[in-house]
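Participant: Whole structure, please, built from the sequences with the hints as guidance.
Protein chains in written order, with our numbering: chain A, 1 to 386; chain B, 1001 to 1386; chain C, 2001 to 2386; chain D, 3001 to 3386.
Treat the hints as calculated values from the structure; they're not laboratory data. Heads up, a few of these hints could be off.
Calculated lysine-lysine pairs in the DSSO-like style (CA-CA distance at most 27 angstroms, straight line) [said to hold, decoys possible]:
1. K3333(D) / K2354(C)
2. K2067(C) / K354(A)
3. K195(A) / K352(A)
4. K2195(C) / K2354(C)
Remember, it's a predicted structure, so these values are computed and weren't measured experimentally.
Number of protein chains: 4
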Amino acid sequence: MQPIFAGFYSAKVLKYSDTIPILAFFFIYHRTYVKYLLKIRTIFGRMRNSSYICPLLLIHMIENNYKTQVIGVDIRVDKTVSALVNIRGEILAREEFATADYPNISEYVTKLADSIALLMEKSGNPDGIRSVGISAPSGNYNTGCIENSPNLPWKGIVPLAAMLRDRLGLAVAVDNNANAIAMAEHAFGAAHGMKDFVLVNLGSGMGSCIFSHGNIHQGTNGFAGEIGHTTYASGGRQCGCGKQGCLEAYTASKGVLQTAQEVLSESDTPSLMRSVQKLTVRLIIEFCNQGDQLAIEVMRRTGHALGVGLANYASLFNPEAIILSGVVSRAGKWLLEPANDAFETHVFHNMKGKVKLLNSFNEDKDLNVLGASVLAWDVKEYSLFK
Amino acid sequence: MQPIFAGFYSAKVLKYSDTIPILAFFFIYHRTYVKYLLKIRTIFGRMRNSSYICPLLLIHMIENNYKTQVIGVDIRVDKTVSALVNIRGEILAREEFATADYPNISEYVTKLADSIALLMEKSGNPDGIRSVGISAPSGNYNTGCIENSPNLPWKGIVPLAAMLRDRLGLAVAVDNNANAIAMAEHAFGAAHGMKDFVLVNLGSGMGSCIFSHGNIHQGTNGFAGEIGHTTYASGGRQCGCGKQGCLEAYTASKGVLQTAQEVLSESDTPSLMRSVQKLTVRLIIEFCNQGDQLAIEVMRRTGHALGVGLANYASLFNPEAIILSGVVSRAGKWLLEPANDAFETHVFHNMKGKVKLLNSFNEDKDLNVLGASVLAWDVKEYSLFK
Amino acid sequence: MQPIFAGFYSAKVLKYSDTIPILAFFFIYHRTYVKYLLKIRTIFGRMRNSSYICPLLLIHMIENNYKTQVIGVDIRVDKTVSALVNIRGEILAREEFATADYPNISEYVTKLADSIALLMEKSGNPDGIRSVGISAPSGNYNTGCIENSPNLPWKGIVPLAAMLRDRLGLAVAVDNNANAIAMAEHAFGAAHGMKDFVLVNLGSGMGSCIFSHGNIHQGTNGFAGEIGHTTYASGGRQCGCGKQGCLEAYTASKGVLQTAQEVLSESDTPSLMRSVQKLTVRLIIEFCNQGDQLAIEVMRRTGHALGVGLANYASLFNPEAIILSGVVSRAGKWLLEPANDAFETHVFHNMKGKVKLLNSFNEDKDLNVLGASVLAWDVKEYSLFK
Amino acid sequence: MQPIFAGFYSAKVLKYSDTIPILAFFFIYHRTYVKYLLKIRTIFGRMRNSSYICPLLLIHMIENNYKTQVIGVDIRVDKTVSALVNIRGEILAREEFATADYPNISEYVTKLADSIALLMEKSGNPDGIRSVGISAPSGNYNTGCIENSPNLPWKGIVPLAAMLRDRLGLAVAVDNNANAIAMAEHAFGAAHGMKDFVLVNLGSGMGSCIFSHGNIHQGTNGFAGEIGHTTYASGGRQCGCGKQGCLEAYTASKGVLQTAQEVLSESDTPSLMRSVQKLTVRLIIEFCNQGDQLAIEVMRRTGHALGVGLANYASLFNPEAIILSGVVSRAGKWLLEPANDAFETHVFHNMKGKVKLLNSFNEDKDLNVLGASVLAWDVKEYSLFK
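Facilitator: So, in structure tokens, the structure goes:
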């Protein structure tokens, strides 16, 4: 068995040998192993901070202790999904719980740590787990914090990476979801092998990620990629960000629904959209597939706005491809054809016909945890005991 | 004296010693030295290509043969300026000639090589010159070509770097002028020490350059930065590129003049602008400084368009600063204050108050040759004789 | 079906429609599809070079034409293995043939292209194959050539990448085998997530690869990593490279066998090594495992030399880990323990206990093709028809 | 005059206008300006940390507040030199004091801050100063600390960057002297334009710096470049680091003197070296220049050791050039010729004749402060008031 306290090896000292029997049961591999481990580690973590070195145990390092797995976490408004992912991007196990059940951030982090501990247990080799990556709305890679997320329960600046690292004794990295999805597509999807590309995520908001020279362009404060808040129509629709005419107000979920209201109010043409109680983007897409002309018109207008916005993006950035993800992007040709038309009309002439518009390659439900796992590999290894 | 044919050193062979007298005069340092050198090098270049190795001369390498100077070339529609620039960005000598006098590209390159030869002569140490950098409209760094420049006399794809390298036996790099100016400001000006910034050049056109992680973001085909051809007003003014509503049509010279026509036609308010035969941007700026209200209004509208465009740019890239160069940027506060107002209104809220708007630091006339000299250092050293 | 001639799409012209019947059979998916494809492509390639644009066919690009597979090629003295590898590093199919059967490089490239064509056929979607990566002894990434390989049948500079690209119409990259193995371990093995590490391959020669800031350090001419030809013992054993005392002469296969001769001649101690006709490294390792003291002594001396060499390496580069691959590294503890002792004694004191010595994680037979597939993703996409 | 409290600008609020008279005298530019500034900043810094925002003053930002100067600090055992350096590497003013006068680190930092304040005053525009770079023995770039320097008065880990930043309110970066010298040569000297090179400093110790892809290779813990502690002669001379046979024990000052003792004791040949009371490297070099055969022999042996060590370095790293600095390197041809011979004999054959050995280009006394100034530009700008 791999030693629990490999970090002690470097101490090469065995002072308080009387404590060994007390701790010896940790070596018996049983169900509660990981939870105890986490608690013990937390205690030791505090000790370490108080400059108290704990040379309790000395166990020989086993040769070739490879780190072959990481934990990817996808924090959403409705639920938090954690996954055990190996080097090749295979998701080996999942855990999830309702995010809203933990409005207190400290309790949330404890729950998340427990959830990860279960995955570590399932892995069969907790010491082969290298680090943790987290995809979160308003996650800032530079600071490791969730910063002023409008929709998550915790307000202000939440130092999530630091809090979780203290609980787990593992390195933790945080980034926003558009960046995580882009990492997933770069490592295991449509952008594999691309050095300069853009990913645009069309969900409840509109975010994006820029890869430049093979690396994410974070910008000087980590805020780059706010395509959703570029101005599409000066003095246009009110956006949730406080500005008017933001692209997001036309292309993200809420914008699509607002376009649907406009389309429906412009005429009396019959439409399946009139018959549902609560219209959603998914329903509009379904109605498009059923040939509903007004639904198709909604997507046509959405695609036009999207195409103009992406053309500006491409003129500035000259990407090899623009990859689309998120619920709106699932409209397929109803969105992509008008988007492509508007794109080709508005893009700088040298790039006409040269920029690929692609849908994301990986499945929606995997994109964020996959990307979070890539992020986990990017952060430097860390151990409480080193 | 540094040997002319340092490349021969590696051969370490002196076979045809009878040829030495023939060539010995090259060691006499006289006015025609460099021109002969260039011709000789061209001949040897051809020989080398025909796999004929010329072990004519063997001269001992003098210790510490430092390369301390480069040539920066600024190709404009009206004139071509070449400058001898040292490591610290000091311009030691200049040569210039009228670009339009050489409509034949081959004759142009010959004239340019002669011009550079004069600078090499002036340098006092031709072998201390490392390479050549060229700033040219529509210059493409990836290919070393001028590609379809609308205003230069040579049409299509002009392989300038390759042609000049063959003439000079020195490495030659080419880039467009926005990139060159950005390199100048990064190496010796307002952007020194910045890793992520944007330079926007407002001249007869509107170009820009993006620095990401300390390097130029060229884009997948080398076309990145086309801020001038992002859409500012859908269905708006006709742009020279064929599209409608491009930002350039509102903020570059021609756009400013068009705005002036509009402003003048809207009212009968007296204005200095009405009295001149041929209105120019410089005149409008002068009239602003004299308090002419309509001229100020022209710059206010220009600044507004600029501010909106730059806000979109910043929302996407989150730069530390946006640096402005070019004739329009010389309007100072008449342009910057309305631009700043529009910028702060339209930029993504997290970046409000965080992005510096700066004028370029170096003098206009030096910006391009300085940047071209930085480019020259970036290219790998090359010698016909290695 | 994905169109064969997707590149024609951009032409958007259908001039010679009478040629369609002639070529239509290509759309019928049959056994010889790929071979014909290759031939056709070669013809078109030549046409293209003669500035003859061939607008023979126009087929609509199918949405989301993902490139999900590449070809990895491992050229060895005895055999050439090609493999179809997907994004996640799964080897889906293999082809191999004896390298020595094709002493003429042109015939070899034809055979290799045929071999790859078979893999493309097996893939079921030839157009989903993006590019080709090749691991070859003396392969130079910068030039795409095999340069003066002492053991391969083709002498001098072999422009393999260019030759194969012309045959296949796909981008081709070449690198040496140490670099390929390092890429495999970085993408899918022991070095995943590491930014600064060293891989050392101990086979018939001793090569290595340095990763700095997450990228391979190729050096200014592409020759970096020659650990095998650093001096271990001044005036020591004659190395195949012409120098004396190279580390390789003590740690690669031939060196291990020479050490075995020395050990055997120093005493009359019985040893299993005395009983075999042709001693090999594998046999010595087996004898170590059987407890043969002289075999263990051979590996102890080898390990000592290795440890001293790696300590110098680490003192210069401060890697996170040194990863060992190749036949000699399979000696396990017989090699690693003495190597580790010598390493810790000789390394710069600040790094003591901090540099991991690890064996390669992937299986020997997969390392090179896997690494070659990673290389294939690194090269820019290329198409004859763009 | 540039406003003292530019950071307040962003507040755009002027609440406590009655405080203006109290603080107004800061605008009078007098001798004590900067010292008061520093104190005020410290107070405000504390306020800021207690989430107390101080909207005391509102002063209009002057357009184009460029940062055009930095402070470079060179900490040596004997003295500490601070210099005001502009963007182009011109040293505009210097201050120095004896390092050993301040054995208490806190007092040292206060003295250093005072010294820098004097430079800021001399600059005429304290707000144009961007940041501070420090070259120090055992300086670690990653941590900003001086770590266990054997020769400086302060023991253990000294968090110099953090301490000085708190005093000055400016960003501070720290690196070791070999890295600083390499940065100086890269920015303003022999390595300008090189992407992959090595700098080796031969002073009282032997350190080095590796540039890979244009950036310093720091290694995973920031310890890369320890060429001095690679093994030159197994079981050889005792090195100060505790190991035996380190290259430094043969090539740095102490090693050269030990070689001199050996040479003198081997024969009775007369030598100028016998007549001096305290032999130094400078004297040996002088005696070489006077033709003293034993002194020349000392340098020949030193050069041989150096050449072997550099050959190993080059075989691993394939640099474009190796640049030498430090007192031993001033021996010129007496060192370089034997070094070059040994280098060419021992380097991997593909690199023979391809690696330049160069002396540093800048003057010895400027190298460290110049490099420290380059380092200062590399660190991100920081302000107490942002």
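Participant: Can you name, in rising order, the numbers of the hints this structure does not satisfy?
Facilitator: Number 1 only.
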